[in-house]
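Asker: Here is how the chains run, residue by residue.
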Amino acid sequence: MSLKLDSKIPAGPLEEKWQKHKASIKLVSPANKRKYSIVVIGTGLAGASAAASFGELGYNVKSFCFQDSPRRAHSIAAQGGINAAKNYQNDGDSVFRLFYDTIKGGDFRAREANVYRLAQLSVNIIDQCVAQGVPFARDYGGLLANRSFGGAQVSRTFYAKGQTGQQLLLGAYAALNRQIHAGTVAMFPHTEMLDLIISDGRCRGVIVRDLRTGEITPHVADAVVLATGGYSNVFYLSTNAKNCNVTATWRAYKHGAGFANPCFTQIHPTSIPVSGEHQSKLTLMSESLRNDGRVWVPKAQGDRRRPAEIPENERDYYLERRYPSFGNLSPRDIASRAAKERCDAGYGVGPMGLGVYLDFSDAINRLGKDVIESRYGNLFDMYANIAGENPYATPMRIYPAPHYTMGGLWVDYNLMTTIPGLFAAGEANFSDHGANRLGASALMQGLADGYFVLPNTIGDYLAGQKPGEFSTDHADVKEAKGRVGERLDGFLAMQGSKPVDFYHRKLGRVMWDKCGMSRSESGLKEAISEIGEIREEFWQNARVGGDGQDLNQELEKAGRVADFFDFAELMCVDALNREESCGGHFREEHQTQDGEAKRDDEKFCYGAVWSPGGAQGKHELTKEPLSFENVTLSTRSYK
Amino acid sequence: MDLTVYVWRQRNSKAKGSFERHELTGISEDSSFLEMLDTLNGILIEQGNEPFAFEHDCREGICGSCSMSINGRPHGHKKLTTACQLHMRTFSSGDVIYVEPFRAGAFPVVKDLVTDRSAFDRIQQSGGFVSVSTGAAPEANATPIEKEFSDEAFDAAACIGCGACVSACPNGSAMLFTAAKVVHLGLLPQGQAEQTDRVLSMVDQMDKEGFGGCTNHGECQEACPKGISIKYITKMNRDYIRATVKRAVSLRGKMKAQ
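First to last, the sequence lines map onto chains A and B. Quick note: the first sequence uses the working numbering, first residue 497, plus one each step. Quick note: the second sequence uses the working numbering, first residue 4, plus one each step.
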């Protein structure tokens, strides 16, 4: 079915859109709020902040997470920082500059109005978090400290050592706890959403499974918010937590919710390289390290000398060479491709030749080991644990890894998907980062959506609904519950012998090779057919074992991997359709002579929104044209 | 590496558990402890046996999901390291390794290596927050905070809520966990207004959950993968005594008024 997309961007000047919108949308009166129920899936930054804020407003909230505690959601692992246009450094920052950097960093594939709102709200986020007791880094005068991140020429990143995500999430978790304590939020940990209840075209609730008892329960609600994160684990090896998955957003897609720009995935340039077949995940080394670390490879191909033995004039600081004005702080997509280019050309380091050096010796000489330790101590320890080398003495070896997904459920300015009553927040939606996200912007977006956008916009939808008019007795609830049960039975009945992970690994390999850092028409076509074959093998030869009545981690995995197979295909279809290179999406056919991305604004200045249907009965494309009234589309140059 | 591993097998909280012995060969030194368990589980599945359940997620040492003791120590022998960050190169080929769930009365076993640590959440819900609703915050730089206090608050706030402290304590006490939050908020101006109520209700909830008291063994600090210092327990005790007195005085004041 073709989608009707109404982005609901308010009219008027960019700076006034959000204020005017807030002043004109419908409200639910305080006395009526408690009559409305809202289900929030996921307790990361977006989910926890949304659930807490809804609770504060007086809505009746149910919050779900599959982890054993809401505090363990994957936002906890974000390292580097959170951007905000406070201009505390007096270095020329402003809301407009943060907006512009984000739009440009996203290679002009995001909506102006959404991004501007994000930049406006960034300052409120810092205030809110500090008031909650988030211990951001401070200078000796007792005021907040900042550092720089890629793609920006100002220092606007607030941080708490290399554990900013942890501290922000613990702030949101505390706000959530306060509401649980007050009785406005009911918390359901170790509970996974497996389907949505859609009735008469509206989202009316969710079907969840208690992962410890296996019990399948419907929860009806007047609105549902998916804050379920991204889909980097489609690559199997990524920096995401092991249990991150696409199931919630993919279930929404199956019900007809538009999925936008699935091929926009971010490959982070600084992850610890793969060490062997046993590898279960990749560990990120924060982008903030590039403030003080210099990236290089040997000038000679296949140089196997130890880094200390390679003299200065035989080192190629390729980021500084290729992008002199941004140097080691070039945006992620650019830095990742540059690393791949060097390694593909035979200059890579480490046992498999898939690595480049991130060298701190200059910074240690200049600032002393203590300063570097105070800035990045936990990251250095982590590196030493994993790689078995001391990064104070020898350069880190790093290589790009899947990290974040800019694509996600299509949402309008109110963050509502194409299914009325179903909202998406944080990484789960597509709204703010275009084709490439700048560092320290994910935390900003998650919290902007949860603390400030949704609490305002959800009322506009709810005000038009009669509260509690839908109940669990409805036939559509029974049907949805039956569907979930059947699907689980299907996994339990698989009679093969191989673990689910075996097929997930295979899928990941295909996606990394053919829909990863660079993509081509032939590669993508091969990938689509290979995905089909592996999926077939999975259904034939995988084994889940156990039963559905208690904790069964293989059963959880099987459901998630099955959805990844279907989703992976859509990702390739989208990548095939987008015949241009922009941001994290690099099509080999579309590059300049010196290997830079070649964008095609004439043909592809749109959000690609997919829904089930279309000519082959699979995926149909609807375009949301992007118009830029406040910035000039330019070739993105960091040279 | 070749290893002999004894892994705890327990169907559910009511069933009796026991160690199950497995021999592993060719484990990579570069793999993490959990990747070694992944390998074991893969073999079990291919043999038609049930894999071991264990809690894990980020595998970067920050989410706090890991809840296993290795050779009798929560998270294993390496200091300041979670089980997921423990690498096999710190073992030797031929080693015998025992893996079991965190042991504590207040953490019942759910299955195999998975324990129920929801008591921690309930302690946090009882007062581990600053009551500031969204939108009510003043300008962030309006209140300067001495760097020393702010850094100390961060160190306390670095707790990942894994429960190693409880498991390592002979009394099964959650004092280190509770103190970390009480001290984190108590060191900051933002946390002052509610500090009295906070410390009283969090300690009260901790007792209700069945955690033991602190008798200064110091095992919690030894086991903590994030290096949370036992000095926070002292600090919390001080706050607690002050709060008790304050509460008593204010109750007496109310009685007089009657």
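Take the hints with a grain of salt, since some may be wrong.
As the list claims (entries may be wrong) - Derived lysine-lysine pairs resembling DSSO-like cross-links, with alpha carbons at most 30 Å apart:
no.	chain 1	residue 1	chain 2	residue 2
1	B	234	A	865
2	A	513	A	962
3	A	994	A	1021
4	A	1099	A	500
5	A	962	A	1021
6	B	211	A	865
7	B	234	B	150
8	A	865	B	249
9	B	234	B	211
10	A	962	A	994
11	B	82	A	865
12	A	962	A	974
Claimed, not checked - Chain A residues, not near chain B, derived (Cβ > 10 Å throughout):
no.	residue
13	801
14	816
15	1072
16	1129
Please keep in mind that the hints were generated in silico from the structure rather than gathered at the bench. Backbone N, C-alpha and C define an ideal beta-carbon position, used for all residues, glycine too.
Asker: All hints are to be evaluated individually against the structure, with a verdict given for each.
Answerer: Going down the list of hints, with the structure as the test:
1. Distance restraint check for residue 234(B) and residue 865(A): the Cα-Cα separation of roughly 27 Å lies within the 30 Å cut-off, and the hinted pair is therefore satisfied.
2. Between residue 513(A) and residue 962(A), the direct Cα distance comes to roughly 28 Å. Compliance with the 30 Å bound is thereby established for this hinted pair.
3. Between residue 994(A) and residue 1021(A), the direct Cα distance comes to roughly 27 Å. Compliance with the 30 Å bound is thereby established for this hinted pair.
4. The straight-line distance between the Cα atoms of residue 1099(A) and residue 500(A) is roughly 20 Å, inside the 30 Å bound, and the hint therefore holds.
5. Distance hint between residue 962(A) and residue 1021(A) is unfulfilled; the C-alpha atoms sit about 48 Å from each other, more than 30 Å.
6. Proximity of residue 211(B) to residue 865(A) is assessed by CA-CA distance (about 46 Å); at most 30 Å being required, the pair is judged violated.
7. Proximity of residue 234(B) to residue 150(B) is assessed by CA-CA distance (about 19 Å); at most 30 Å being required, the pair is judged to hold.
8. Taken as a hint, the residue 865(A) and residue 249(B) pair is broken in the structure, with Cα atoms around 46 Å apart against an allowance of 30 Å.
9. As the CA atoms of residue 234(B) and residue 211(B) are separated by approximately 24 Å, the hinted pair is consistent with the 30 Å bound.
10. Distance check on the hinted pair: residue 962(A) and residue 994(A) sit about 50 Å apart at the alpha-carbon level, beyond 30 Å; violated.
11. Distance hint between residue 82(B) and residue 865(A) is fulfilled; the C-alpha atoms sit about 22 Å from each other, no more than 30 Å.
12. Between residue 962(A) and residue 974(A) the alpha-carbon distance is near 22 Å, which keeps this suggested pair within the 30 Å criterion.
13. Its beta-carbon lying about 22 Å from the closest one in chain B, residue 801(A) satisfies the requirement of being farther than 10 Å from that chain.
14. The Cβ of residue 816(A) lies farther than 10 Å from every Cβ of chain B, with a closest approach of about 29 Å, so its non-interface assignment holds.
15. No beta-carbon of chain B comes within 10 Å of the beta-carbon of residue 1072(A); the shortest separation is about 33 Å.
16. For residue 1129(A), the requirement that its beta carbon stay farther than 10 Å from each beta carbon of chain B is met, with the minimum near 35 Å.
Violated hints, in rising order: 5, 6, 8 and 10; the structure is consistent with all others.
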